[in-house]
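**Q** With these hints in hand, go ahead and build the complete structure from the sequences.
Protein chains: 2
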Amino acid sequence: MSFERLYNPRGIAVIGASADLSRISGQPIAALKNAGYKGGIYLVNPKYQELHGLKCYPAAAAIKQPCDLALIAVPSNGVAAAVRDCGAAGIPFAIILTAGFREAGAEGRKLEAEIAKAGKDSGVRFIGPNCQGAMSIPSRMWCVFGSVSYETELREGSVSCAFQSGGFGYAVVNLAEAQGIGFRHIVSSGNETDIAMPELLSDFLDDAGTKLAFAYMEGTPDARQLLDVGRKSLETGKPILIWKGAQTEAGTKAAASHTANLTGNYDLYRAAFRQSGLIEVHDVEEIVDIAKVFAQGRLPKGRAIGVLSISGGSGIVYADRAVKEGLSLPSFSPQTVTALKAIIPSFGSSENPADTTASVFNDPTLFTKTLEIVLADPAIDQVSILLASISGDAATKACKAVADAAGSTDKPINVVWSGRRSKSEAACALLEKANVPFITTPVRMARAAAVLANFATDRQRLLPRTVPPPLKPRDLDLPSGPATLSEVESKAILGAFGIPMTREVLVPLGSDPVAATADLKWPRAAKIVSRDIAHKTEAGGVRLGLDTPDTLKVAAADIVANAKAYKPGAKIDGILVSEMAQGVEALIGVVNDEGFGPAVTFGLGGIFSEALKDVTFRIAPFGIETAREMIGELRGAKLFDGYRGAPPADKEALARTLVDVSRMAMALAPRLEEMDINPLFVGPDGVVAADALIVLK
Amino acid sequence: MSFERLYNPRGIAVIGASADLSRISGQPIAALKNAGYKGGIYLVNPKYQELHGLKCYPAAAAIKQPCDLALIAVPSNGVAAAVRDCGAAGIPFAIILTAGFREAGAEGRKLEAEIAKAGKDSGVRFIGPNCQGAMSIPSRMWCVFGSVSYETELREGSVSCAFQSGGFGYAVVNLAEAQGIGFRHIVSSGNETDIAMPELLSDFLDDAGTKLAFAYMEGTPDARQLLDVGRKSLETGKPILIWKGAQTEAGTKAAASHTANLTGNYDLYRAAFRQSGLIEVHDVEEIVDIAKVFAQGRLPKGRAIGVLSISGGSGIVYADRAVKEGLSLPSFSPQTVTALKAIIPSFGSSENPADTTASVFNDPTLFTKTLEIVLADPAIDQVSILLASISGDAATKACKAVADAAGSTDKPINVVWSGRRSKSEAACALLEKANVPFITTPVRMARAAAVLANFATDRQRLLPRTVPPPLKPRDLDLPSGPATLSEVESKAILGAFGIPMTREVLVPLGSDPVAATADLKWPRAAKIVSRDIAHKTEAGGVRLGLDTPDTLKVAAADIVANAKAYKPGAKIDGILVSEMAQGVEALIGVVNDEGFGPAVTFGLGGIFSEALKDVTFRIAPFGIETAREMIGELRGAKLFDGYRGAPPADKEALARTLVDVSRMAMALAPRLEEMDINPLFVGPDGVVAADALIVLK
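If you read the protein sequences in the order shown, they are chains E and B. So the number in the numbering used here is just where the residue sits in the first sequence, counting from 1, plus 1293. So the number in the numbering used here is just where the residue sits in the second sequence, counting from 1, plus 1293.
If you're looking for bench data, these hints aren't it; they were derived computationally from the structure. From a predicted model like this one, the values you see are computed outputs, not experimental measurements. Mixed in with the good hints there might be a few duds.
Below, a list of computed lysine-lysine pairs in the DSS-like style, where the Cα atoms sit at most 27 angstroms apart [claimed, not checked]:
no., chain 1, residue 1, chain 2, residue 2
1, E, Lys1906, B, Lys1504
2, E, Lys1765, E, Lys1594
3, B, Lys1726, B, Lys1504
4, B, Lys1403, E, Lys1634
Residues from chain B that keep clear of chain E, each with C-beta distances beyond 12 angstroms, as calculated [to be verified]:
no., residue
5, Gly1459
6, Glu1887
7, Asp1978
The following label-pair restraints were derived from C-beta to C-beta distances [what the hints assert, rightly or not]:
no., chain 1, residue 1, chain 2, residue 2, range
8, B, Gly1502, E, Gly1685, 58 to 64 angstroms
9, B, Ala1939, E, Ala1863, 46 to 52 angstroms
10, B, His1828, E, Pro1627, 33 to 39 angstroms
11, E, Gly1685, B, Ala1374, 53 to 59 angstroms
12, B, Asp1825, E, Gly1935, 26 to 32 angstroms
13, B, Gly1935, E, Ala1863, 24 to 30 angstroms
14, B, Ser1715, E, Gly1685, 46 to 52 angstroms
Backbone N, C-alpha and C fix where the C-beta goes; we use that ideal spot for every residue, glycine too.
**A** Written out as structure tokens, the structure reads:
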């Protein structure tokens, strides 16, 4: 549904309006007036006939005027009734400021369930509770309390945002506005009992006036929806910046005591962001800078940046950061270099990053020419112009040249410039009119330009991808009820989904392990099989590298004895005798996350896994391109290309297996708790799972 | 020598003064006048009697007034003569703006050598050439050209800085000043033909008016001097921030074409910074923030931070970043929690980070009390107070409480606050008067507070360390002349310095490898020994894991045949037969760097080295504490603690060997080009070098 009437309401009912404008239930009344809200303001409080020069209604139902939004600030035990009253009065949206719900313990949790039900029953969609309110700059809907309720001069613009912490979120707004960002809708979402972050963001993408959205979030229950939001962001070409709070143990602990938000697994959030084109940010300046470069309304074709600087150091610092952020500074074409050399003095540089030196300003047409030359180079997707701290007339000339150049190209252009604005108003005006973003330091610009390029390439890379359907198993017969399955049971499930495994035979207790396994190649592994022994190695239940019938016999006997000593009474299904596999040791895991559902972990196995935690994550399911990217993301990815003379591993087979596991995880989702394939051997001719553990719920 | 007279000259001679104030040789004249420089300005230009209302002298010698500084802006081929003239006139310092030296090719390189000699001969110490000049705010010495020559309103303060790129450096100054930083001495150091970065920084530390120094540098020829600068910084308690340009290949390429600076090896610069207490920075905001937290003149005892927030999100974001930056947020003591619980409402949090909620401002004494309680907790070294974006009266009350608290503790206190200054002048004034730093975002403050804590702990950790002397070898007999030594020759040198090695025997060609090695244990390795074959494995010259006399014999014959086929005519010294070593594979390398001299690389060996480049660096020599830190810095450091049931490796023996190699490198420095010990096996009972390569120069 559209939130148009929430942000642009014809009338606003203030339920629980206070006689004291300094109270939480009074501040929004003052804010609406000060902001110049033009719709009806209907105070609801049975104790008064009139308040603050406005008529006071005994109940929402008494309003009898077009009213699209209710601001609810009554005590927590009265909120559910207030929501129902709004429903009865035909008010479709509410913002509930009141605190004292799940963040306040068991009693609050009960009250929160009641307001959720009241909303569902009455058809009222609501923001909050326990939030600082929401506002929309164009409509002057200023339904907030706290310091922002006094900031009615906030500049209008095309950035909409939503925050799971009102105090922090409005601080971000304040800072971003001071640096030139204009806002549209701003929502403090609080406990998100009804309207939650993904829906807010999705609505921003539908809103024609919103060009960029920003969210501060600690977590959201149905986190998987973020994948759809990301895809929609790429489709609509409107970026969504997300600051994920509670990334660390310390942050998570703080979130638990502050907000009772589900913070979830940060690794999975990061995976979801990367996977879907959402842009993760980590501080306010970054948000400002990214908003500025996106505001020019142009995307580069790729990651190649051309740099023109009047200061050597600026070019160096820019280059350092640009490549770290994933941009490339390709060499200019020979034609470009030749043309630049005719203009740039010999103590400058005509290579990328070019150092024009400040002498190009002696004749402004020269600067225009250098810009045109670089913009015409087909290898360059985006151009940054570094003007150091020039000011006054020099700045005006330079910015005139940049503004002209911007008008004659569709490549993104931006300017790094730290001159004093007070000495360069004309120059600033020229850039602003031409919609050319300018940022103070080369580092900040390189980072923002990289985000712009990433978004553009994410569109090309991610939009064509389709999500494969769940994998259909052959003859799958899952044990009923929660269970930690044995290796043999786990592998039976892998087998049903076609995951390649080591050739192996389950030898029942008492059978001759040599006679029973005549078909297997040497060397072999022998392992105890028992649901009651999850940690086989610890139990002395594993022997590797067995290369003769005699060693196999001894090993089998030892293993059984060890297992019995380790856990007397364990139900032992037998000994699993497998061919030893060769190749790079990898691992594939699946967790069925509370928020995201099935997600796949992939990493190097063996000592790499233990000592280095070299792993990467994706939300399931995903296709072969995503799987290939996962392989490339490991720090130790080179191991798959063959090392110390080993042949290259079959990375394509590995990628296919990652895809299959992700699809298998979706098929098993209702029953799957977690799954581990470790080790998975990646050899020159394919992969084999050598061990596996599945936990059902 | 002291640069006091350079920064506070009694008179300034402008050699090559221009009649045109807009030219490079004219702008500084205007700047000195506009800035209000009170000493004598002596223009030197034989073409004029008077210029700009000032007397013009035909030569420096004609000045006959106290004159401590010459600004030289004559053409490049006249600079050496100008320097000599200054010497003859008794002028001790010069700033040479002229470009056209080594950055302009061979002819310029010759001119640069001439001015270096002129300086030495005449006793004139000089800044530049090819620089934008220098200035000192207190004395109004404004000897600069370019945009900064018009910025004579720059605020005075206690930050001094030096830049290898004038344009970029002055842009940094502009930005930092706009964010509240005041400056003292500012130097664009140009080609640093005489006075180079380490000497400038060391002088800043001697200057009583400088409390913090900042440098932008791409590289410096005698980089080892930075270690002494860092130590002096810790001793004097004045931090030095360094922004190292040209960190990446792209940046290095840009630096080469822009400035012809020696950029050196970034890994070694980072090692030197870490090792000596210099603070690396990467953008302007970071510099500003660090300068602010240091300006309070207090250092914390350790890394424990206590956080008081009025906004849940701010506390979470702060905690996230603080721990990433190496701070700890310890639990408050039970007394602290109990005392806080009596004040903080139940929907807040009394754990660290505490969420007081904005309600504490209802009674300002409550906020003062919460501050006192947290400051009194002995586990807390530093306190951050997060005020989100409050403004007006609430801000004044809060800042009054903070200012009072700051006056009654010696623990560092800081404030995160993004309220509008225009609405909170009184609050800002309170904090400024109490010398309490405030910064806009939790992330920025967490980073700055961490730098403050790092500096404090670096003083405790690094100052007690002494540098061990070079190691004395027994019977060292180095081959003369440059040479890539064979394994046997290299190991002979290691042996002379007491580095433990595998037990082994060099078997001459034609001898029986079994009979000659009867004392060695099995299994063994056999390797070709030839100076002509540096890459033994590639040549088929290595066999490992030989466990019987027969396999050894076959291997020895194969190796010789392979080597002869690989490089016909190679001079073969024999076959080296060694006992196979056990343990974690590590590597120790030494490079004799052009700037730093001997430096040690340490990392994991084998596939870890090939696939993961898991290495760390230090400048030699160093003691055991530094060596232990190197071991701990590896991503795979856990491998040394025993994995998959292996016993823990002898990390102390490894640390001792690192120290010995660093001391050995110093002893060999005049002859050493590079050295590699790879692999070095780190077993439970010590280390053994299994292979080594030394290149002499």
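**Q** Please go over all the hints and tell whether each is borne out by the structure.
**A** Status of each hint after checking the structure:
1. A C-alpha spacing of about 43 angstroms is found between lysine 1906/E and lysine 1504/B, which places the hinted pair above 27 angstroms, so the restraint is violated.
2. For the given pair, lysine 1765/E sits about 39 angstroms from lysine 1594/E by alpha-carbon distance, which is inconsistent with the 27 angstroms threshold.
3. Only pairs whose Cα atoms come within 27 angstroms are accepted, and lysine 1726/B paired with lysine 1504/B is accepted, the gap being roughly 18 angstroms.
4. Taking the CA atoms of lysine 1403/B and lysine 1634/E, the gap is about 25 angstroms. The hint holds against a cut of 27 angstroms.
5. With 12 angstroms as the threshold on Cβ separation, the claim that glycine 1459/B sits away from chain E is violated: the shortest Cβ distance comes to roughly 8 angstroms.
6. Remark: the non-interface label on glutamate 1887/B is consistent with the geometry, its nearest Cβ contact in chain E lying 19 angstroms away (cut-off 12 angstroms).
7. For aspartate 1978/B, the condition that its CB be more than 12 angstroms from all CB atoms of chain E holds, with the nearest at approximately 21 angstroms.
8. A beta carbon spacing of about 31 angstroms between glycine 1502/B and glycine 1685/E contradicts the range 58 to 64 angstroms that was offered as a hint.
9. The hint said 46 to 52 angstroms for the Cβ distance between alanine 1939/B and alanine 1863/E, and at roughly 28 angstroms that hint is violated.
10. Range check, histidine 1828/B to proline 1627/E: Cβ separation about 38 angstroms, and the 33 to 39 angstroms hint holds.
11. Checked against the given bound of 53 to 59 angstroms, the beta carbons of glycine 1685/E and alanine 1374/B, roughly 35 angstroms apart, lie outside it.
12. Range check, aspartate 1825/B to glycine 1935/E: about 28 angstroms between beta-carbon atoms, so the 26 to 32 angstroms window is met.
13. For glycine 1935/B paired with alanine 1863/E, a C-beta distance near 28 angstroms keeps the hint of 24 to 30 angstroms intact.
14. A hinted range of 46 to 52 angstroms for the beta carbons of serine 1715/B and glycine 1685/E is inconsistent with their spacing of about 26 angstroms.
Of the numbered hints given earlier, the model fails hints 1, 2, 5, 8, 9, 11 and 14; all others are met.
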